[in-house]
Every structure is written in C-alpha cells, then in structure tokens.
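Protein chains: 2
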Amino acid sequence: MDRYLVISSDCHAGLPPEQYREYVDPQHRDAFDVALPIQTEMIKQAAKKFLVADINEEWRKGVEQELTGAWDHDQRVKVLDGDGIAGEIIYPDGITEMNTPPFGAGISLPAENVVPELQWAGARAHNRWLAELCQMAPERRAGIAIVPILWDVEEAIREAKWAKENGLKGVMLPCRWGKEPAYHHPRYDPFWAVCEDLGLVVSYHSGPAPMEDYGEEQGMMGIYISEVAWWCARPLTFLIWGGVFERFPKLKVTITEGTSVWVPEFVQLLDFRYADTPYSSKLGDYTSHLSMKPSEYFARNVLIGASCMPRREAELRYEIGVENIAWGSDYPHPEGSWPHTADQMKETFMDLPEAEIAQMVGKNAVDFFGFDSEKLAPIVARIGPEKSVFRSS
Amino acid sequence: MDRYLVISSDCHAGLPPEQYREYVDPQHRDAFDVALPIQTEMIKQAAKKFLVADINEEWRKGVEQELTGAWDHDQRVKVLDGDGIAGEIIYPDGITEMNTPPFGAGISLPAENVVPELQWAGARAHNRWLAELCQMAPERRAGIAIVPILWDVEEAIREAKWAKENGLKGVMLPCRWGKEPAYHHPRYDPFWAVCEDLGLVVSYHSGPAPMEDYGEEQGMMGIYISEVAWWCARPLTFLIWGGVFERFPKLKVTITEGTSVWVPEFVQLLDFRYADTPYSSKLGDYTSHLSMKPSEYFARNVLIGASCMPRREAELRYEIGVENIAWGSDYPHPEGSWPHTADQMKETFMDLPEAEIAQMVGKNAVDFFGFDSEKLAPIVARIGPEKSVFRSS
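Line by line, the protein sequences are chains A and B. Using the working numbering, the letters of the first sequence map in sequence onto residues 919 to 1311. Using the working numbering, the letters of the second sequence map in sequence onto residues 919 to 1311.
Worth flagging that the hints you see were computed from the coordinates, not collected in a lab.
Repeated chains share a single entry, so a pair holds when one copy, or any two copies, can fit it.
27 Å max Cα-Cα, derived DSSO-like pairs, lysine-lysine: (1) 967 with 1097; (2) 1200 with 979; (3) 1305 with 996; (4) 1168 with 1082; (5) 1200 with 996; (6) 979 with 966; (7) 1211 with 1168; (8) 1211 with 967; (9) 996 with 979; (10) 996 with 1264; (11) 966 with 1211; (12) 1293 with 1264.
On a predicted model such as this, the values are computed, not experimentally measured, just so you know.
Sequences and hints are given; from them, build the entire structure.
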C-alpha cells in the first residue's frame, strides 16, 4: 500500500439546534421549545467570548457549503475525502456556535447550572441522531455517545449499552465533576466494567475549564488556553491512582484535543511519586493496590487524541509513546487543520519513519476504536495521502 | 572564598499553639481559648491523613531536641549551622502537626471554612512572633508574613507595610482563592504596587489542594501529591496573563516547594499560546497588553523555591533558568533534607560548574530577598559547605 490509512481522532458533528426536536423524548419537547431561544442566546453570548466575529466570518467565507458537513452526510463524505481521511471519531458540537445539543449536553457537559434530567434528554437526542449519521457510513464513522454520568451511574450504564447496540464506539464523560465524586470513586466501577466488557472507549474531550475563575479581566483567554488541557487530562490522575486500570485492565481511555506535550512530564511525575521517596513515605500507603507503574497504565490503557498535532508533538513521540498518539483534524472547528490538512500533516510528519507515521495517523485509532481496516482499504486506495508526500527526497 | 554561601529558600517556624495567645490581639483571645482545643483536635485528624504515625515518630526519635528549633532561637542556630546554611526564608508551620498558627492562618491559608476576621488575627499573631524570631538573627532570617489578602486588600496593604517596618522580607498569599477573584483581578493592583515599592517578595507555598475532590478513596494521596505542585504554581498563570508583571515590572514572586520540573513545559506552553496560532486567533486579543513573552516575565520576576531539590532539577537548570532556582532544605519538615542535608546536596550538585552551584544554593536567594552577603560572610567562613565537597576529583 502506497497510501496511509488516516483516521481523524477528533471530528465534530451536530444538528442545527431546532432539528434536535424530533430526537428529544416526547415528554421533554415542551421544555425543548422553551429552552431553544434561551440556548440560542446563550450560545451567541459564549460565541462572542470564544470566537472573534470577524475572524470567524472570514474563516467561513467561501466554505459555508463544506461546513454543512457538520450534519449533512454527503457533504461530510466529500470533505473528509478531500482531506484524505478514511475514518473519524465523532464528538458533539459540529460548528461550535451552531450545533450544540440541547439542554447543556454539548462538548463541555457542565456539572453545574443544568437540570440533570434535561441534560440526559439532550444527550440521548444527540446520541440517537449521531447513531443515524454513523449508520450511513459505519465503516468510516466511530461516534461517541454523550453520557452525563455524574447524575446517575445506572442510567449511564443503560446509555452505554444502548450506544453499543446502536453502533457507537465510545462514551464521552464530563472532564469536570463539580460537587459529584471524582473518577476514582468506586461508584463508577460498574460503568467501567460495562465499557471494558463492550469495548467502548471512554473519552474526555478538551473544552471545559473553571470559567468562573477567569472572570472578564484582560488576558483571561490566555489563562483559559493555558489551563484547558490540564483540566481535560486531569481525570487520568484520578483513574490511575484510583486503581481503575488495575481493576479494569482492558478499559480504554482517550484524552482528546488536550495536546500531548504534557505527557512525558506527567507520567514521569507520577512514576516518581510511585517510587518510594522521603517525601511520600510519610503519607502512608497509596501504591500497594497498583501492580504497575503509572507510566505502564498510561502506555497500555490511554490514547491521546492529538488534534492538529504540531511538529513538536511528533518529535516528542518516543517520550509520549508512538502507540499512544492519534492525529486528529478537528473538522469542522476553525482551530482545526481543515481546509489545510494536507499541508499541516506534511509539516508535522515529514521524513519520519513510515511505520511510525502510519501508527500516529491511523493504525493506533484503528486498534483502539475497532475500525475494520479491510473495509477501509478501498477508501484508502482512493483518497488516502500518498506516502511519498511525506518524504522530502 | 572556598565555601558556598547557602540560603535555604524554604524553612518553617511556628510556636506551640498555646504560646500564640499572647501575640493575639486582646479582643480575639476569648475566641482563641475556645478555638485552641478544636484546632488541636483538627490538626490531629489532619496529621493522621498526612503523617503516618510510626514513620513520623521514628523520624523524630533522637532529634526531639533539634526539632525545637522550630521556635527556639538557639536551637535553630545550631541546626542551621550544622546544615551549613547561612540564611533562610521562613514560612509558617514549624513542625507540621505542632506549630500551626491559630484560626486557620497556617501554610495552606484556606479560603473556605474560616472566619476572615479571625484568620487575620491568627496571621497577625504569627507575624508578630516571627518578626521577633527574625530580629534575633536579622542577617540570617528572612521571615515571610502571612497575608490572607482575599478578605480585604486594604488590610493586606497595611499588613505588608507592617511586615516591612518590622524587618520581614515577604508576604505569603493563599494559593487558592475559593470564590474570591483570582490574582489577575485589578483589585489586587494596589497591593502589588506596595510590594514592588517596598521590595517585599510575594510568596506562594505548596500545600493547599482541593482535598474535597480527593475524598477518602484508596490512592487519594497519590492524586494529592501529583497535583499539589500545579495548585501552587497556578497563580503564575493568572499573574502573567493578567499583565501584573507588565504593570509592576519589579514585582518579585516566588513559588516554593512545588518542584521545578514543570517550569520548562509551562513557559513553553505559555509562549506557544502567546505566539499567534490558528487556535488562538479566534479567541481574540489577549496578548497586546503584554510587551514581553510569558517566558521573559518568568525569567525576570519569578524565583522557584526548590525544596530538597533532586539531581534531576539541577540537570534541567538551563531550561528552568539557573537564575530562577533557589535550593531549600524544608527544615524542620520530615520530607526535608535535614538531617541529611550535606549528603543530599552532594548528590544534587556534584561536579556542576561552581558558579552555577553558587547561584542555586545561595546567590539567587540573596539577590531576590535582599540578604546582605557581606554580613553573612563570617558565618559562611565558619559553617558554609566547602566547595571541594562538590567535586568528585
């Protein structure tokens, strides 16, 4: 094969808000009608903060049609074909300010200021639609179900089983747990057991952060983008020390769009704390329930969704783990690689060993999310980037 | 000079709790009497969590006398002389479970579950005693005043001025701000102005972390020690992006006992976000108020108190900044280097360039905290570690 099998570990899809209505459970449609204009206004306000209007508009100019791939099957196929992407992992929030699921069930999945029952209703509505979208090209699309687990672990288990039965490949949990127990708490164990058993990937996607700390002061956005990856990766600290990967050795967890540059220091620090030191011995026994070093759990159980991966992350691949990196395009977000994916990939991967490029751009995600590479082969043969493109001579 | 001038950037001192009574404002002494047994019990509970009793007891065996240097002048001089330490920066909480200031005014300076007026009273009591302790050896002791700034910035300014007038060299602020505004908020500007003007160092000392997130689950202590340094360094993110070092170019901030291994990745990330990238441009302008890169503010305004600095931090010194590292012993804490300081320093600094060792073990702290090295010279000549000790051949 002279072309790479490319999977984007981070893409987004979502309906225009009003179209979610028919996917909402009937008993919540009145609430949906009341909430819709409020949501529209809130998203507009949030967009003002996170999206400079003129940059966003200029970015969209001339690609309006291609952006409808956020929900339209045919258009999505065209865009991904054009990017050379054979398969994709699909998170919510298509065009950020246009396609958020109802009732606060979007990518940031807040643990405060939501009505749990309604957030669940919004999540289920999105999951139903997403399952339909994925069924239109099941070999190419690994949909991630939204699961607001904090409110009800039993309900989360039911939704995970529903997701599996309906062809979805993973479950997205909130990065932040508010006042609910964090992810090392044993109450989540039955959920991990089901995900391990069904081979569902547990996903944490970057976005949420404690905005209440940042206020409206000058520079607050610099604070946000400097911290947001930490908040996304934080559940790993709890899962590793909590022994979750010890009890569920086949559980798969992905941390997406949180960069990967923090990984070497992160695993080194945890390993350092795992080893006996004068500092830690006074704190008692917090390691005997772990049969492996933290870095070993990371290597075995975690995949980093490296959205728009810069060259530096490729250069750090041995410290991060070549098998733990999965490139992503972040389509259709403006910070994503599309519509410059080919150029960005060249910059990132030029002249690296072919086998390692193959792992990072596709194979790792194929293995983790269970794509069928034989079924993808004809698509790759047609649209995959040629290997020669990543060689300078 | 064939000996190193050594300053410990991180030492602790505090009275046995009942002895704080006479330093508390008279109107708060009734509250003190009520609070004392409660505090004693709470510290006992906390100690159970953070100090394994038998390890702690074994560690103390035979050094009970030396540990009274936590509050006793003569004993303290002997211990520091024995360690080869000419000068020290002094934080609260001498022997952790024995010498915490009253009313929740200790090292973790909580922003919740305290009565602000009483926390202030406890802070002032400690500061008064600390000023006396430092006056007994003013050339060797740089005391750090406790300043619970969150409750009242005006009061914080008054306390900072009092600290300066009474010979203290810095002010310790809480690492965590609870529901109060974070450190990029302009309400703190008058305080930064006073600290800059008086040359008072602003200190954040490691310890506080969101224990409520960690619960009582197995492995929770692993989470704590993996995160605690991040919580201590976090104010830097707010100060840098908030433009505090832009508006107050001579403000000095130290982050203490939070390790230094995070520094290279931290400044690189902030610089990356400072540079224009596709990701950040959509977020609007959050850099034009900063005339320098984040790494440049760090290099100019920040000193890392590298307690019990391991060899690896010395090896990272160029990435961290040789001028930004100040070794510390953490006496009299059990995780500190004492009573094995000489051996630990050898392991850390062996065969590094002499001028760089001199910076890290003393000169940087001398410059930052304003020690008078001429006054220290006779002490160094008597007790300072010989330079030859750090050469293997």
